[in-house]
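A.B. asks: Generate coordinates for the entire structure from the input sequences, incorporating the hints supplied.
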Amino acid sequence: MRDILLGYGIFAMFYIMVVYCIYFFIMTLSFANISRIIKGSSLTPFDSMSGSAHVPPVSILVPSYNEELTIIENVRSLLSLNYPEYEVIVINDGSQDNTLQVLIDEFNLKFLPNHAERRLLDATPINGVYHNPDYPSLYVIDKRNGGKADSLNAGINLSHYPLICTIDADSLLEKDALIRIARVYMENPDETVAIGGSVRIANGCTIEDGIIKKVRLPDKILPMFQNIEYLKAFLGGRIGWSSINALLIVSGAFGVFRKDYVVKVGGYREGFPGEDMNIIIKLHRYMLENKLPYRIAFCPDAVCWTQAPDSFRILTSQRKRWGRGNIKNMWDYRFMVFNPKYKQVGLLTMPYNVIFETLNPYFKITGFFALLGYFLMDMTALPIVLTFVFINMLINMIFTCGALLLEELAFRRYPRVRDLVIMAGCSVLMTLGYDQLNAIWRFLGQIDFIRNKRTWGVMVRKSWKGETVKS
Amino acid sequence: MFQGNLALAYLFIKTASAVILFILALAFVLKIRLIRMDKKKKEILKKYEAYFHYVQAHLDGPEPLRRPVEQPTDWELAIISDKFGEWIQMLSGSQQEKLIELSEQMGLVDMNLRLLNSRFSWRRSLAAFRLGKLRSKRAYPFLLQRLRKEKYGADFIICARAAAMCARDGSDLNELAHIFAKQKKNVGMLAADILTGSPQFEPGIVKDWLMSQDFRLLKIALHSLKGHAVAHLAPVLQTLTEVQDKEVRVLAVDRFLYSIPDLTQDIVYKLMNHPDKDVRAITAKAVGMLGDAANIEMLKQAMADPDWLVKHHSAKSLSMLGEEGFSALCEVAVHSEDSFTRDMANDVIHEEIMAERSQV
Numbered sequence: 001m002r003d004i005l006l007g008y009g010i011f012a013m014f015y016i017m018v019v020y021c022i023y024f025f026i027m028t029l030s031f032a033n034i035s036r037i038i039k040g041s042s043l044t045p046f047d048s049m050s051g052s053a054h055v056p057p058v059s060i061l062v063p064s065y066n067e068e069l070t071i072i073e074n075v076r077s078l079l080s081l082n083y084p085e086y087e088v089i090v091i092n093d094g095s096q097d098n099t100l101q102v103l104i105d106e107f108n109l110k111f112l113p114n115h116a117e118r119r120l121l122d123a124t125p126i127n128g129v130y131h132n133p134d135y136p137s138l139y140v141i142d143k144r145n146g147g148k149a150d151s152l153n154a155g156i157n158l159s160h161y162p163l164i165c166t167i168d169a170d171s172l173l174e175k176d177a178l179i180r181i182a183r184v185y186m187e188n189p190d191e192t193v194a195i196g197g198s199v200r201i202a203n204g205c206t207i208e209d210g211i212i213k214k215v216r217l218p219d220k221i222l223p224m225f226q227n228i229e230y231l232k233a234f235l236g237g238r239i240g241w242s243s244i245n246a247l248l249i250v251s252g253a254f255g256v257f258r259k260d261y262v263v264k265v266g267g268y269r270e271g272f273p274g275e276d277m278n279i280i281i282k283l284h285r286y287m288l289e290n291k292l293p294y295r296i297a298f299c300p301d302a303v304c305w306t307q308a309p310d311s312f313r314i315l316t317s318q319r320k321r322w323g324r325g326n327i328k329n330m331w332d333y334r335f336m337v338f339n340p341k342y343k344q345v346g347l348l349t350m351p352y353n354v355i356f357e358t359l360n361p362y363f364k365i366t367g368f369f370a371l372l373g374y375f376l377m378d379m380t381a382l383p384i385v386l387t388f389v390f391i392n393m394l395i396n397m398i399f400t401c402g403a404l405l406l407e408e409l410a411f412r413r414y415p416r417v418r419d420l421v422i423m424a425g426c427s428v429l430m431t432l433g434y435d436q437l438n439a440i441w442r443f444l445g446q447i448d449f450i451r452n453k454r455t456w457g458v459m460v461r462k463s464w465k466g467e468t469v470k471s
Numbered sequence: 001m002f003q004g005n006l007a008l009a010y011l012f013i014k015t016a017s018a019v020i021l022f023i024l025a026l027a028f029v030l031k032i033r034l035i036r037m038d039k040k041k042k043e044i045l046k047k048y049e050a051y052f053h054y055v056q057a058h059l060d061g062p063e064p065l066r067r068p069v070e071q072p073t074d075w076e077l078a079i080i081s082d083k084f085g086e087w088i089q090m091l092s093g094s095q096q097e098k099l100i101e102l103s104e105q106m107g108l109v110d111m112n113l114r115l116l117n118s119r120f121s122w123r124r125s126l127a128a129f130r131l132g133k134l135r136s137k138r139a140y141p142f143l144l145q146r147l148r149k150e151k152y153g154a155d156f157i158i159c160a161r162a163a164a165m166c167a168r169d170g171s172d173l174n175e176l177a178h179i180f181a182k183q184k185k186n187v188g189m190l191a192a193d194i195l196t197g198s199p200q201f202e203p204g205i206v207k208d209w210l211m212s213q214d215f216r217l218l219k220i221a222l223h224s225l226k227g228h229a230v231a232h233l234a235p236v237l238q239t240l241t242e243v244q245d246k247e248v249r250v251l252a253v254d255r256f257l258y259s260i261p262d263l264t265q266d267i268v269y270k271l272m273n274h275p276d277k278d279v280r281a282i283t284a285k286a287v288g289m290l291g292d293a294a295n296i297e298m299l300k301q302a303m304a305d306p307d308w309l310v311k312h313h314s315a316k317s318l319s320m321l322g323e324e325g326f327s328a329l330c331e332v333a334v335h336s337e338d339s340f341t342r343d344m345a346n347d348v349i350h351e352e353i354m355a356e357r358s359q360v
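Those protein sequence lines, which keep their order, are chains A and B.
Using the numbering used here, you'd call the opening residue of the first sequence number 1 and step up by one each time.
Using the numbering used here, you'd call the opening residue of the second sequence number 1 and step up by one each time.
A few of these clues could be false.
To be clear about the criterion: a stretch of chain A counts as covered by chain B if any three or more of its residues have a C-beta under 8 Å from a C-beta of chain B, and this derived list gives those stretches [to be verified]:
#1 21 to 32
#2 43 to 56
#3 183 to 192
#4 384 to 397
Listed next, the in silico BS3-like pairs over lysine-lysine satisfying Cα-Cα at most 30 Å (straight line) [stated by the list, open to error]:
#5 K185(B) <-> K291(A)
#6 K259(A) <-> K277(B)
#7 K151(B) <-> K291(A)
#8 K277(B) <-> K175(A)
#9 K175(A) <-> K182(B)
#10 K137(B) <-> K259(A)
#11 K277(B) <-> K291(A)
#12 K47(B) <-> K14(B)
#13 K343(A) <-> K291(A)
#14 K341(A) <-> K185(B)
#15 K185(B) <-> K40(B)
#16 K41(B) <-> K214(A)
#17 K41(B) <-> K264(A)
#18 K137(B) <-> K151(B)
#19 K83(B) <-> K14(B)
Hints in this document: simulated from the structure, not taken from any laboratory.
What you are looking at is a predicted structure, and each value in this text was computed from that prediction instead of being measured.
All C-beta atoms, glycine included, are put in the ideal place defined by N, C-alpha and C.
C.D. replies: See the structure below:
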């Protein structure tokens with residue numbers, strides 16, 4: 001037993017060292033690219049671009065299920081973006097609340113049968129389209145419930161423009177978020193198949209008429225932790241991964257895609273969470289198998305604000321869903337892992353994701369028990385165990401602080417010195433329980449996958465004014 | 001098992017702690033610096049408030065604008081440069097010229113030209129950006145020189161945009177278009193956005209580019225013509241409607257249809273029967289936009305097209321061609337043999353009725 005534990009300990013040490021080396025490599029890439037990002041984001045005349053005839057038109061797709069509390073502000077914010085030509089397509093995915101009715105009432109929408117629906121992608125047949133010529137760029141599709149992926153496919157079928165933008169109904173886009181993404185697209189339109197935007201936590205911010213008026217940190221601890229987590233993932237991670245064209249996910253909350261390629265890969269996958277990762281893997285696969293030059297870019301200065309779950313129950317449900325989506329995607333595309341045909345995606349991102357994201361909970365949980373075993377079997381002393389845990393905490397903190405530094409260098413959304421102090425303090429607290437809980441949630445998500453659980457899980461919608469509804 | 005390495009672990013803890021403290025200190029310094037810079041900027045704007053009022057009040061008068069009494073510091077010049085840059089974008093005609101002239105006299109252009117040769121790429125890009133906003137024609141050769149040294153990327157684009165804003169005439173834009181055409185990426189859309197944003201741009205300058213054998217330059221030309229109807233370029237555009245390159249062909253058809261002064265039924269017929277479905281769709285759309293009722297029969301036939309988009313644009317165009325067009329659409333809705341075509345016609349009729357009620 002002692003030998004097994006010892007062997008496992010050595011293996012786990014190497015595992016952790018490799019994870020941290022890759023993290024370090026990716027964060028270094030993020031820092032190496034930050035100067036280019038700062039220049040592009042601050043020295044581009046977005047005002048004049050947002051009136052330019054040369055900016056490509058975009059169809060914004062908003063899949064909505066039971067979103068009556070947030071949908072109006074969301075649509076209002078989308079209708080007032082600084083962008084020359086775009087349309088907003090809300091897809092009411094068989095909501096059981098009044099999502100459709102509040103939209104009809106607010107925008108005085110009228111029913112269009114839309115019998116001659118364009119079938120670019122398979123999707124649940126729609127009941128019809130609602131439209132009002134006074135809001136010429138707004139369309140609302142009403143359809144039976146078929147899931148988020150199905151709704152996106154239905155939205156693509158109706159869309160009129162060559163680029164599609166997917167956004168969650170409980171999120172708000174900054175006014176110039178789309179034009180910032182368009183800048184990145186226009187730099188290399190032939191090769192750009194998808195561009196991800198940055199997602200930030202809106203809890204704590206002051207919002208008026210669907211616009212973020214004052215940026216503040218969340219006042220509750222769980223959204224606060226998620227805020228730091230998002231900064232770390234988007235700034236520390238995705239900038240780096242995108243610089244080597246190895247981004248494996250464009251957040252479902254905000255991303256822009258070339259419609260023709262989304263159609264070529266068969267659109268979004270139905271019946272499972274993780275559709276945002278799935279579409280990116282499919283795009284990588286299609287482009288690499290057909291030997292087409294391409295890039296999946298990331299635009300960190302294009303910001304979407306979203307509501308973060310503020311209760312353990314909802315957060316557990318969300319993270320379990322993410323865990324389930326992740327393992328499902330890795331299982332479905334396991335042939336790409338370590339396959340040189342898929343270049344950096346097959347040789348770096350997917351193996352990294354399988355070994356260090358999908359399997360991470362097992363190592364964290366078994367690692368914890370192994371440490372307990374060392375201690376109980378008198379293989380080591382408590383101070384040594386504590387030292388080991390402390391080192392882990394410190395390394396995690398280095399990465400969090402790196403993300404905070406990137407934020408200060410380039411984006412500076414949180415204006416006060418005290419915001420930085422709070423975030424630095426919370427990055428310490430996160431390592432004492434939250435990170436471990438995340439591993440457990442992912443593990444539970446994988447159990448759900450094995451049990452073939454297919455539901456979306458518990459969701460609670462909150463209006464931007466604080467009203468709450470469960471679904 | 002780790003006892004032998006405990007000393008190493010402690011060393012690691014010290015090092016990691018130092019790294020964390022260093023990163024955090026840097027983040028705090030940046031934050032505090034930014035807050036101070038904001039404060040300083042506000043102070044400078046306040047200090048020059050009266051002067052800015054003077055400039056605004058005298059933009060229309062015949063006499064030249066005077067410089068501030070005291071020579072501003074470099075910091076102040078940078079803030080004033082940003083302010084004037086904003087105004088220059090908003091103004092036009094003699095007001096704009098007066099402000100450009102004042103920027104020159106105050107040394108704003110000289111200051112940014114000095115920075116254009118800085119060792120730091122951020123300063124160079126910032127200087128180029130400001131020169132573009134100030135529309136300094138004197139800066140054009142310097143920006144061009146800098147542009148030639150840059151690889152395609154953020155610095156290149158910032159510099160190119162600035163050079164286009166500072167261009168002295170069409171030949172400068174011609175020079176820029178050729179630089180864009182040398183890039184390996186397809187930058188037609190971006191180049192068009194930059195070139196057409198220049199005060200010196202007029203559609204006629206793309207004529208030579210349209211004659212070029214270089215498809216990259218052709219694409220820049222075609223993108224630049226978006227939204228412009230240029231009758232004298234219609235024959236050149238027509239020759240491009242048959243080229244192999246899909247992007248060139250589709251763009252050329254679109255620009256041609258809106259440029260040709262006498263769009264004959266023969267031309268429409270030829271384009272509506274083109275093997276490329278995108279060409280057919282663009283033509284169907286343009287026919288409705290141009291409002292020529294002579295093409296109603298052709299649009300009716302196009303409603304039988306196998307491509308959804310061609311069908312859709314044909315139906316929409318029919319609905320735009322007055323009563324005659326609308327009757328033809330109703331006829332398709334009733335008599336077409338294909339149920340999908342009937343549905344399409346019905347959908348558009350429904351939309352039209354809704355739009356009409358909304359207007360009432």
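A.B. asks: Hint by hint, say whether it matches the structure.
C.D. replies: Right, here's what the structure says about each hint:
1. For the segment 21 to 32 of chain A, the assignment as covered by chain B is violated, since 0 residues bring a beta-carbon within under 8 Å of that chain's beta-carbons and 3 are needed.
2. Under a criterion of three residues with beta carbons nearer than 8 Å to beta carbons of chain B, the stated coverage of the segment 43 to 56 of chain A is upheld, 11 such residues being counted.
3. Counting residues of the segment 183 to 192 of chain A whose CB falls under 8 Å from any CB of chain B gives 6; the rule of at least 3 is met.
4. Proximity of the segment 384 to 397 of chain A to chain B, defined as three or more residues with a beta carbon under 8 Å from a beta carbon of that chain, is established by the 8 residues found.
5. A threshold of 30 Å between alpha carbons decides the hint, and for K185(B) with K291(A) the separation of about 17 Å falls inside it, so the pair holds.
6. A threshold of 30 Å between alpha carbons decides the hint, and for K259(A) with K277(B) the separation of about 17 Å falls inside it, so the pair holds.
7. At most 30 Å may separate the alpha-carbon atoms for a hinted pair to count; K151(B) and K291(A) meet this at roughly 25 Å.
8. With a C-alpha separation of about 35 Å, the suggested pair K277(B) and K175(A) falls outside the 30 Å cut-off, and the hint is violated.
9. The hinted pair formed by K175(A) and K182(B) fails the criterion: a straight-line CA distance of about 34 Å is larger than 30 Å.
10. As the CA atoms of K137(B) and K259(A) are separated by approximately 41 Å, the hinted pair breaks the 30 Å bound.
11. For the hint pairing K277(B) with K291(A), the CA-to-CA distance comes to about 26 Å; that is within 30 Å, so the pair holds.
12. Of the supplied pair hints, the one linking K47(B) and K14(B) is violated, its CA atoms being roughly 48 Å apart against a limit of 30 Å.
13. Between K343(A) and K291(A), the direct Cα distance comes to roughly 11 Å. Compliance with the 30 Å bound is thereby established for this hinted pair.
14. For the given pair, K341(A) sits about 24 Å from K185(B) by alpha-carbon distance, which is consistent with the 30 Å threshold.
15. Distance restraint check for K185(B) and K40(B): the Cα-Cα separation of roughly 42 Å exceeds the 30 Å cut-off, and the hinted pair is therefore not satisfied.
16. A C-alpha spacing of about 21 Å is found between K41(B) and K214(A), which places the hinted pair at or below 30 Å, so the restraint holds.
17. Restraint check for K41(B) and K264(A): the C-alpha separation of about 51 Å exceeds 30 Å, so the hint is violated.
18. Note on K137(B) and K151(B): the hinted pairing holds, with a Cα-Cα distance of about 23 Å set against a maximum of 30 Å.
19. Only pairs whose Cα atoms come within 30 Å are accepted, and K83(B) paired with K14(B) is rejected, the gap being roughly 48 Å.
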